[in-house]
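Protein chains in written order, with the working numbering: chain P, 25 to 330; chain R, 6 to 509.
Treat the hints as calculated values from the structure; they're not laboratory data.
Even glycine gets a Cβ: it sits at the ideal position worked out from N, Cα and C.
Check the hints yourself; a few may be wrong.
Below are the DSS-like pairs computed for lysine-lysine, each with C-alpha atoms no more than 27 Å apart in a straight line [as the list claims (entries may be wrong)]:
id : chain 1 : residue 1 : chain 2 : residue 2
1  : P       : Lys-77    : R       : Lys-340
2  : R       : Lys-137   : R       : Lys-312
3  : R       : Lys-126   : R       : Lys-113
4  : R       : Lys-488   : R       : Lys-437
5  : R       : Lys-459   : R       : Lys-488
6  : R       : Lys-73    : R       : Lys-126
7  : R       : Lys-437   : R       : Lys-330
8  : R       : Lys-488   : R       : Lys-258
9  : R       : Lys-126   : P       : Lys-113
10 : R       : Lys-126   : R       : Lys-137
11 : R       : Lys-125   : P       : Lys-77
12 : R       : Lys-137   : R       : Lys-125
13 : R       : Lys-491   : R       : Lys-218
14 : R       : Lys-488   : R       : Lys-216
15 : R       : Lys-178   : P       : Lys-77
16 : R       : Lys-137   : R       : Lys-113
17 : R       : Lys-491   : P       : Lys-113
18 : P       : Lys-77    : R       : Lys-402
19 : R       : Lys-113   : R       : Lys-125
20 : R       : Lys-459   : R       : Lys-330
21 : P       : Lys-77    : R       : Lys-137
Chain P is faced by these chain R residues, among others (derived, beta-carbon under 7 Å) [claimed, not checked]:
id : residue
22 : Ala-181
23 : Pro-200
24 : Val-202
25 : Gln-238
26 : Ala-239
27 : Asn-391
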Amino acid sequence: MTGFLVRRIAIAVFVVFVVTLLVAWAVRLSGDPAVMLTGAGNVTEQDLINIRKGLGLDRPFSAQYAGFVGGMLTGDMGKSFMGGTPVAKLVGHALPLTLLLTFVSLALALLMSIPLGIHAAVHKGRWADQTIRIVSLVGLSFPNFWLALMLVLVFGVALRWLPPSGADGVSSLIMPAVTIAIILTATTVRLVRTTMLETLSAQYIMVARAKGLREVVVLYRHALRNCAIPLITYIGLQFGGLIGGVVVVERVFNWPGMGSLAFDAVASRDYPVLQACVTVLATMIVVINLLIDIGYGMIDPRMRSR
Amino acid sequence: MRMMRKWLLSLPLAALLAASPARAAGTLTIAQAQDPNNWDPIATFLISWGSVAGNFFEGLVTRDESLKLQPGLATSWEVLNNGLRLRFHLRQGVTFSNGEPFNAEAVKFTMERLLGPEGKKGPQQSNYTAIKTVEISDPYTVDLVMDQPDPVMITKLAGYGAMMVPPKYVTEKGAAGFATAPVGTGPFKVVDYQPKVSVTLEPNATYWGAKAKLDRVIYKFIAEPDTQLAELQAGGIDIASNLSVAATGIVQKDPKLVLNSITGPTVVVLRLNTAHGPTTDERVRRAMIMAVDRDAIVKQILQGQAKAVVSFQSDLSFGFDPAQKPVPFDPAGAKKLLAEAKLAPGTAMILDFPSNNTTFREAAQAVAGYLSAVGIKVQVRPQEQNVYTNDIIPNGKTGEMFQFGWGGWTFDYDNTAFLLYHSGQHWNPYDKDATLDGMLEAQRLVADRGEREKKLQAIAHYVADHALEIPMYNLNTIYGLNKRVKGFVPPPDNRVRLSGVTVE
Numbered sequence: 025m026t027g028f029l030v031r032r033i034a035i036a037v038f039v040v041f042v043v044t045l046l047v048a049w050a051v052r053l054s055g056d057p058a059v060m061l062t063g064a065g066n067v068t069e070q071d072l073i074n075i076r077k078g079l080g081l082d083r084p085f086s087a088q089y090a091g092f093v094g095g096m097l098t099g100d101m102g103k104s105f106m107g108g109t110p111v112a113k114l115v116g117h118a119l120p121l122t123l124l125l126t127f128v129s130l131a132l133a134l135l136m137s138i139p140l141g142i143h144a145a146v147h148k149g150r151w152a153d154q155t156i157r158i159v160s161l162v163g164l165s166f167p168n169f170w171l172a173l174m175l176v177l178v179f180g181v182a183l184r185w186l187p188p189s190g191a192d193g194v195s196s197l198i199m200p201a202v203t204i205a206i207i208l209t210a211t212t213v214r215l216v217r218t219t220m221l222e223t224l225s226a227q228y229i230m231v232a233r234a235k236g237l238r239e240v241v242v243l244y245r246h247a248l249r250n251c252a253i254p255l256i257t258y259i260g261l262q263f264g265g266l267i268g269g270v271v272v273v274e275r276v277f278n279w280p281g282m283g284s285l286a287f288d289a290v291a292s293r294d295y296p297v298l299q300a301c302v303t304v305l306a307t308m309i310v311v312i313n314l315l316i317d318i319g320y321g322m323i324d325p326r327m328r329s330r
Numbered sequence: 006m007r008m009m010r011k012w013l014l015s016l017p018l019a020a021l022l023a024a025s026p027a028r029a030a031g032t033l034t035i036a037q038a039q040d041p042n043n044w045d046p047i048a049t050f051l052i053s054w055g056s057v058a059g060n061f062f063e064g065l066v067t068r069d070e071s072l073k074l075q076p077g078l079a080t081s082w083e084v085l086n087n088g089l090r091l092r093f094h095l096r097q098g099v100t101f102s103n104g105e106p107f108n109a110e111a112v113k114f115t116m117e118r119l120l121g122p123e124g125k126k127g128p129q130q131s132n133y134t135a136i137k138t139v140e141i142s143d144p145y146t147v148d149l150v151m152d153q154p155d156p157v158m159i160t161k162l163a164g165y166g167a168m169m170v171p172p173k174y175v176t177e178k179g180a181a182g183f184a185t186a187p188v189g190t191g192p193f194k195v196v197d198y199q200p201k202v203s204v205t206l207e208p209n210a211t212y213w214g215a216k217a218k219l220d221r222v223i224y225k226f227i228a229e230p231d232t233q234l235a236e237l238q239a240g241g242i243d244i245a246s247n248l249s250v251a252a253t254g255i256v257q258k259d260p261k262l263v264l265n266s267i268t269g270p271t272v273v274v275l276r277l278n279t280a281h282g283p284t285t286d287e288r289v290r291r292a293m294i295m296a297v298d299r300d301a302i303v304k305q306i307l308q309g310q311a312k313a314v315v316s317f318q319s320d321l322s323f324g325f326d327p328a329q330k331p332v333p334f335d336p337a338g339a340k341k342l343l344a345e346a347k348l349a350p351g352t353a354m355i356l357d358f359p360s361n362n363t364t365f366r367e368a369a370q371a372v373a374g375y376l377s378a379v380g381i382k383v384q385v386r387p388q389e390q391n392v393y394t395n396d397i398i399p400n401g402k403t404g405e406m407f408q409f410g411w412g413g414w415t416f417d418y419d420n421t422a423f424l425l426y427h428s429g430q431h432w433n434p435y436d437k438d439a440t441l442d443g444m445l446e447a448q449r450l451v452a453d454r455g456e457r458e459k460k461l462q463a464i465a466h467y468v469a470d471h472a473l474e475i476p477m478y479n480l481n482t483i484y485g486l487n488k489r490v491k492g493f494v495p496p497p498d499n500r501v502r503l504s505g506v507t508v509e
């Protein structure tokens, strides 16, 4: 088990290292932060040279990269090119907001998709099942920005129940979370339905029913537990995608999370911010995967040798 | 990671859960697309800086909403020695909002900081290089001694880099500290700044002039124009400062809102590749100008929220010639001219523009349509903004046409013409013309306003005569306002002046 752990952790560290190298290289492929810093405005060539020097961009790539990785290792993420705010402060504000949005969306999605998926499986082929399947297909087809704008128009502008944007109070969390949750539910409900159908045809379910257990107990205690493994795997995978994929929703709702931060950093070629965003997100995804791997290893000894 | 954990657990979630109170009386909320990120006057060129910072920083001179120069922190000034010495008589009894006194020492500190090594790191210094030294003759009289006359200098002192800063505070805080917690002499002061989220101003109780009537101003940074519109409709903000042309109709129909638009500083043209390809032929360029119906584009696509231009400047610009006539829309004449230039019908051309400019995207398609009518096949090629401004334009990788938007806040044609037409300039990849270079250099040495204006007008005529660009339009800045806002005057330079504004 120790050997397995060491191997997995070594791979994880290597992956994060490769990510840092890739991001540092890729952000420098195009664009010039000095020009963006001046709003692409009224500047002379000499201004640009001065600014690049001030930002340390006149140093060779190896020195810039070493500075970035060395800084990350010691907890110093550097300063934003745009205004010199410490990157740790920017990430420190944005990351909790993105995590909050992601967790709440996931929780909402599970709360909706599990009962619906089970209901559809139990009533397979009947109108309830058909309706749930069609509605989930429609949900699957929504582009998230469109759904977001529709929610804003209805609940923000027409009804005025919720603030259209910002991260100001719990009410402002509802619309972005629901947007992500609806789209996530559409896929999850289908997964729950399929795995539930398989499980319900198993012999132990027949035994449970034969014992005279109430249907609710059969479904939620016996069947759901056995559906949990594919569901957790799926959600684990979605989590990584979600953290990086909420950019559009964050932007429409002006939610100042990691997506918005990274988006602005790309547009202005704010290397320190972008490098930190990508590294932090990559590290989180790698850690989640590591935990899943270790979890598998603990459950199933056969996995450890791989 | 130690630092990370601390941040993770502290402010943001608590801030999120404690919703701010509903709109208080006397509080004005403005949405603006961009966070300028750095409030230090010597470190910025962004319009988004000026629109906020104009309310807490002041210069020796100032400009009112009609762009007329007015006394600011100097009550009067004299131009001496043929423009080689500018003497300022300072306003007495002025303090910065932190209590530091404003006097000749503060002026000297501000200007020397701008012209010294700290200024060198920012984009502002080059505007003020004509200044040699700053001389104090008494605590309220200060001279700028010039290396050479700079006719635009007085205007520049009302703008960005030369906003007065408090010496003691800046020295204590350092550039990084000052960038996020600025202090000036203006009618407002910054009380809170959340990077990427908001900046909050409150009245400066010790302000020397008319006191602000608002209790509090909150600028929220909202990048998407549609989100700004939704917030405006929902009552979450009082002023939306970056509405799209498409939003104008919605705002006009809403009984609680009012649309307020004004000539903006930004002029858009299609510059032409005069160094390579078919557009090296002046007749081809002229024909292209004749083939495009600018008035129709302004009316149909921009819904009247713009004005067609004849040169690369708005009609508020110094150097604008009201007598200069636009090239009339004449597709038949264009066809004749193209035939004369022996341009084969169906010749392909490329039009480059930054892909995030959704307004211009439609205008570009219209231009392509007009040009196809005279036998030029245009491929419209969107480019990522950053690559476009950093690589495609300065390195001369554009097609035959490329979109260029320019907003000179000084409203002086020199600022556009010199940087865009003089050979060897960063933003001028193609034009090389010794005559034009000479004209551009000569006007900079003229101290007399009237004479310099004539020279600038001559440059605008020269550019039009040689068909260096397809003039397009001067876009309005479109503000959407909640009707509870009173006393708002839309400024042509985007610097919203909030002293006289109230909310009901």
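These are the hints, each one checked on the structure:
1. Only pairs whose Cα atoms come within 27 Å are accepted, and P/Lys-77 paired with R/Lys-340 is rejected, the gap being roughly 51 Å.
2. Restraint check for R/Lys-137 and R/Lys-312: the C-alpha separation of about 40 Å exceeds 27 Å, so the hint is violated.
3. A hinted pair counts as satisfied when its Cα atoms are at most 27 Å apart, and R/Lys-126 with R/Lys-113 qualifies at roughly 19 Å.
4. A C-alpha spacing of about 52 Å is found between R/Lys-488 and R/Lys-437, which places the hinted pair above 27 Å, so the restraint is violated.
5. At most 27 Å may separate the alpha-carbon atoms for a hinted pair to count; R/Lys-459 and R/Lys-488 exceed this at roughly 43 Å.
6. Between R/Lys-73 and R/Lys-126, the direct Cα distance comes to roughly 31 Å. Violation of the 27 Å bound is thereby established for this hinted pair.
7. For the suggested pair R/Lys-437 and R/Lys-330, the alpha carbons sit about 25 Å apart, so the restraint of at most 27 Å is met.
8. A threshold of 27 Å between alpha carbons decides the hint, and for R/Lys-488 with R/Lys-258 the separation of about 13 Å falls inside it, so the pair holds.
9. Restraint check: the Cα-Cα separation between R/Lys-126 and P/Lys-113 comes to about 23 Å, which is no more than 27 Å; the hinted pair holds.
10. For the proposed pair R/Lys-126 and R/Lys-137, the alpha carbon gap of about 19 Å is at most 27 Å, so the pair holds.
11. Our distance criterion of 27 Å between C-alpha atoms is met by R/Lys-125 and P/Lys-77, whose separation comes to about 10 Å.
12. Proposed proximity of R/Lys-137 and R/Lys-125 is supported: the alpha carbons are some 15 Å apart, at most 27 Å.
13. For the proposed pair R/Lys-491 and R/Lys-218, the alpha carbon gap of about 11 Å is at most 27 Å, so the pair holds.
14. This hinted pair checks out: R/Lys-488 and R/Lys-216 have alpha carbons roughly 23 Å apart, not beyond 27 Å.
15. Taking the CA atoms of R/Lys-178 and P/Lys-77, the gap is about 22 Å. The hint holds against a cut of 27 Å.
16. The straight-line distance between the Cα atoms of R/Lys-137 and R/Lys-113 is roughly 12 Å, inside the 27 Å bound, and the hint therefore holds.
17. Between the alpha carbons of R/Lys-491 and P/Lys-113 the distance comes to roughly 37 Å, so the proposed pair goes past 27 Å and is violated.
18. Under the criterion of a C-alpha separation no larger than 27 Å, the hint pairing P/Lys-77 with R/Lys-402 is consistent with the structure, at around 26 Å.
19. With a C-alpha separation of about 17 Å, the suggested pairing of R/Lys-113 with R/Lys-125 holds against the 27 Å cut-off.
20. About 16 Å separates the Cα atoms of R/Lys-459 and R/Lys-330, which keeps this hinted pair within 27 Å; it holds.
21. Restraint check: the Cα-Cα separation between P/Lys-77 and R/Lys-137 comes to about 24 Å, which is no more than 27 Å; the hinted pair holds.
22. Given the 7 Å rule on beta carbons, the hint for R/Ala-181 holds: about 5 Å separates it from the nearest Cβ of chain P.
23. Given hint, R/Pro-200 at the interface with chain P, holds; its Cβ is 5 Å from that chain's nearest Cβ, closer than 7 Å.
24. For the restraint placing R/Val-202 at the interface with chain P, the shortest Cβ-Cβ distance is roughly 5 Å, inside the 7 Å limit, so the hint holds.
25. Checking R/Gln-238 against chain P by beta carbon gives a least distance of about 5 Å; that is within 7 Å, so the hint holds.
26. Taking 7 Å as the C-beta cut-off, the interface hint given for R/Ala-239 holds, the closest approach to chain P being about 5 Å.
27. Nearest Cβ of chain P to the Cβ of R/Asn-391: about 4 Å, under the 7 Å cut. The hint holds.
In summary, the structure is inconsistent with hints 1, 2, 4, 5, 6, 17 from the numbered list given earlier, while agreeing with the others.
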